[in-house]
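S.K.: Quick mapping for you: the protein sequence lines, in order, are chains A and B.
For the first sequence, position 45 matches number 45 in the UniProt record's numbering, and the numbering has no gaps at all.
For the second sequence, position 268 matches number 268 in the UniProt record's numbering, and the numbering has no gaps at all.
Heads up, a few of these hints could be off.
Stated by the list, open to error - Below, a list of computed lysine to aspartate or glutamate pairs in the EDC-like style, where the Cα atoms sit at most 20 Å apart:
(1) B:K174 / B:E258
(2) A:K157 / A:E72
(3) A:K214 / A:D89
(4) B:K365 / A:E28
(5) B:K174 / A:D89
(6) A:K111 / A:E121
(7) B:K363 / B:E342
(8) A:K157 / A:E19
(9) A:K213 / A:E19
(10) B:K26 / A:D89
(11) A:K213 / A:D198
(12) A:K173 / A:E140
(13) A:K111 / B:E57
(14) A:K213 / A:D164
(15) B:K363 / A:D89
Claimed, not checked - Partner residues are not named here, just some residues of chain A that face chain B (Cβ under 7 Å, in silico):
(16) M1
(17) P70
(18) V79
(19) F90
(20) M98
What the hints assert, rightly or not - Derived, one-sided and incomplete: chain B residues facing chain A with beta-carbon distance under 10 Å:
(21) V27
(22) E73
(23) A77
(24) K78
(25) V81
(26) K249
(27) N252
(28) V255
(29) G257
(30) S259
(31) G265
(32) R313
(33) L361
(34) Q364
(35) K365
Since the hints were made in silico from the structure, they are not lab data.
Even glycine gets a Cβ: it sits at the ideal position worked out from N, Cα and C.
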Amino acid sequence: MISLEKACYSVQGHTLLSETSLQFSTGEFWAVAGPNGAGKSTLLKLLSAEYLPTKGRVRFQGRDTHDYRPAELARLRAVLAQHNPVSLDFSVTEIVLMGRYPYYGHRPSDKDLFIVNQCLEWVEMGAYAQRSYPTLSGGEQQRIQFARALAQIWETKNGFLFLDEPTTGMDLKHQYQTFQLAASLARQGFGVVAVVHDLNLALQYTDQTVLLKKGRIMASGKTNHTLHEESLQATFELPIHLIPADHIRKNATIVPVPI
Amino acid sequence: MLLEQTTSHTVKELPPLKSTDSADAKVTWTLVLLVLLLIATMLLSMGIGAVPIGVSEIGSLILHSLGWTSATEVTEAKAMVFWVIRLPRVVLAVLVGAGLGIAGAALQGLFRNPVADAGLIGVTSGASLFAILIMMLNAQYWSMINEYGGAYVLSLGAFVGAALTTFLVYQLSKLAGDGSAAMILLIGIAINALVGSITGLMTYLANEQQLRSMTFWSLGSLGGANWTSVIAIAPFVLASTVGLPMLGKSLNLLVLGESQAKALGVNIIGLRRMVIVLATLGVGASVAVAGSIGFVGLVVPHIIRNIIGPDHRNLLIGSALGGALVLAIADTISRTIVAPAELPIGIVTALLGSPFFMYILWKQKTKRI
Chain A
1 MISLEKACYS VQGHTLLSET SLQFSTGEFW AVAGPNGAGK STLLKLLSAE
51 YLPTKGRVRF QGRDTHDYRP AELARLRAVL AQHNPVSLDF SVTEIVLMGR
101 YPYYGHRPSD KDLFIVNQCL EWVEMGAYAQ RSYPTLSGGE QQRIQFARAL
151 AQIWETKNGF LFLDEPTTGM DLKHQYQTFQ LAASLARQGF GVVAVVHDLN
201 LALQYTDQTV LLKKGRIMAS GKTNHTLHEE SLQATFELPI HLIPADHIRK
251 NATIVPVPI
Chain B
1 MLLEQTTSHT VKELPPLKST DSADAKVTWT LVLLVLLLIA TMLLSMGIGA
51 VPIGVSEIGS LILHSLGWTS ATEVTEAKAM VFWVIRLPRV VLAVLVGAGL
101 GIAGAALQGL FRNPVADAGL IGVTSGASLF AILIMMLNAQ YWSMINEYGG
151 AYVLSLGAFV GAALTTFLVY QLSKLAGDGS AAMILLIGIA INALVGSITG
201 LMTYLANEQQ LRSMTFWSLG SLGGANWTSV IAIAPFVLAS TVGLPMLGKS
251 LNLLVLGESQ AKALGVNIIG LRRMVIVLAT LGVGASVAVA GSIGFVGLVV
301 PHIIRNIIGP DHRNLLIGSA LGGALVLAIA DTISRTIVAP AELPIGIVTA
351 LLGSPFFMYI LWKQKTKRI
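This is chain B alone, in the form it adopts within the complex:
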């Protein structure tokens, strides 16, 4: 009813209606640029290595496999390297990065806390504990399994650990408190410490060789990439990259505070549960196949937010793309810089990420003035 009354009495010249257009264009261009950069990085990464493969050769291989060209001049050996080693590894890096990036952005929004990431709600510590438990037991009793399916048992165990620990944190926060965001964070700290102490005990009991594989796992690596691992995690990462952006508007309203968001129609409890489940699926699956890779979930959303603003509808998609890009680059570096050996990817992401992160913080400060 107000609308009719005021339109007839409007005296003031109103500012142009579509005041958000220029910002929209910037967002669109940034997302397009991220996609292009990601494709370029994937092509580059697939080409670099002990057996170099050119971009035209990659194109010819893909066209041939699609049946568009009848023959390809690329040697059998190169084709093998491409299909069995390079391509699954790059695809895995993209999936893991997207899962970590989008989960970080969603959890920072949910907890309204810029330092939140999946580690806080127990995903990483739970996965680590179960992975290490399996490494210990495996060597003792299950060496038979190790021969055939050790890697899969490890991944499955890590995923179960991630899911169980997060579930425990979430349920305890409701049991011990009011299930609020602050309660989840506090319970998360307690459970992380508990799980960490058991992990520490395992480390203490471990022998030399177990200790080495634990360290390597905790620094993360995509060395075990193959099509099985890609297919194993793809559904989980897809679920979180499709599902989380749908919660973008609700996460925006959460910025106004829980009670205001509620007044604007957000089902807070449902939102909290959805974000935690989807983030745990993506990160749990990623950690399961690649070990714990730090910093991506924390830093990538900050960088993206700095470029395209805090609107979660764009931020979540941007963080998935940004995470994929960062991890594809980091993995390429990790497997080439000390070739033929490999550097754990967690070292690369933290080494490159922290100075860049500090630069972002410094830039934010200067922008504010």
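Chain A on its own, in the form it takes in the complex:
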């Protein structure tokens, strides 16, 4: 569990995230949504301990994040960035194996290699193991990075996975696949927190949602309770229509209404 207790993050007088208290449990899939500049990435970086709160505290499994050594955290949580360009000619296997670096010294064990292969299978990129990473398309690279992040916390009990707009550059099918994968990880006991722009994907797959605007929480809680017309209109300053779930659509659908 990660808890933010009146956590605040500001840079040179600019508050990117003002006093926030929230709890993220394992077994839950969280969506972080909101307009550009709302503090979504800042929240994610506070959770992943890339940033330390300037006021208040962030506690990862009871301990303050600044009490952890980087190597310790590396075995507890993984982060998937939005863009992952790699200029050097590493193979796909080598990139995914980097997720196992926190676990082995000089040479990977058979188990490390096994996990790498498993993770590649999970993202359906098993056939690409020997390919050169920089030659892959953006969406394919993103899936390899997902496998890399997965390899990092594969055996971690109560591990956390942070995804910053994980479906950037992916086609429709793989967008859904990625969310399905993230949701199934949450069901297996991981905590998953993702910055999400497509609110319909959030409605369909996530358990909890936090809506941010200008560094403040607009609403948070169960996704289908949080994402309603009033909260969305207040957050995005856009008239929004919610089509309720029916026998075809198991979830409500969000449609912006043109003025």
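Following the hints, position chain B against chain A.
M.R.: Frame of chain A; chain B shown alone:
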């Protein structure tokens, strides 16, 4: 917890586990080949010169000195040439080359920039400035020192210059900016220009003879090799060739970007400091005894990366070996091609290196398709 669940439900046939084995074998063989080539080049280089010494004679001299054979048929004069001139010179070439090669590879990894080398963070310009300052002052006031220890003062000064300038670049990047890799590069450019302008002023003020020795220094030479210079730089080069490969895994993770590397447990600030200190030690010491030798630190890592791939754990060791090999060859050419005179080694490395470098770039392009 995932592991147990998925193993029991695995339906798909998994690909063979040790998918990296063939690549590993290629790396091992390349490194072994580099070592063998280096030994062959050293033997060749020790044999070539005004007094030719055969391989068997070299073997007999070494065995004799180790006390394994009681007598040697090699003449006293040849033995002197071997022990006092040839051997220290070859060893110095190997040390300087290894220092330049490994530092280039490490800095290219740290800055995630294929054109990075020690010149960017001020090592070379700082060493040059101090060396030239000493040449100027030496002639004016310290001609006494020159008689006895001028060469050592010059080396020591160059090393101090290299270390001070790099330290200044690093500290200013933290003071003026956020100490990021990009900031270090920008401050490096500014400090290099500043130091370069002072060096330029010195050149402008210098007399004919000073100008000649400055030019010669800036093109590099191993002409001053002796056991003292070998012993002086050996600890520094050893520190960087032992220390830098230990940072190989962290440098690999840096390829994913600083924030991802951090998430994977890399202490970015500590890594940056270690790489800069170790690279400066190796290159600073090398520049101090041999002058500024360009191109080795830039090109050798590219060639090695092209052969054995970008994994820094292998690349750093390969670049040290490759740098040593290239410099041993270049030095042999530089002292034999216009014998009895010597060509500055920087001319040889750039003249041979640039066409080869362009060939590598061209090959990389064709490989990518």
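S.K.: Can you give the numbers of the hints that this structure goes against, from lowest to highest?
M.R.: 3, 4, 5, 7, 8, 13, 16, 21, 22, 23, 24, 25, 33 and 35
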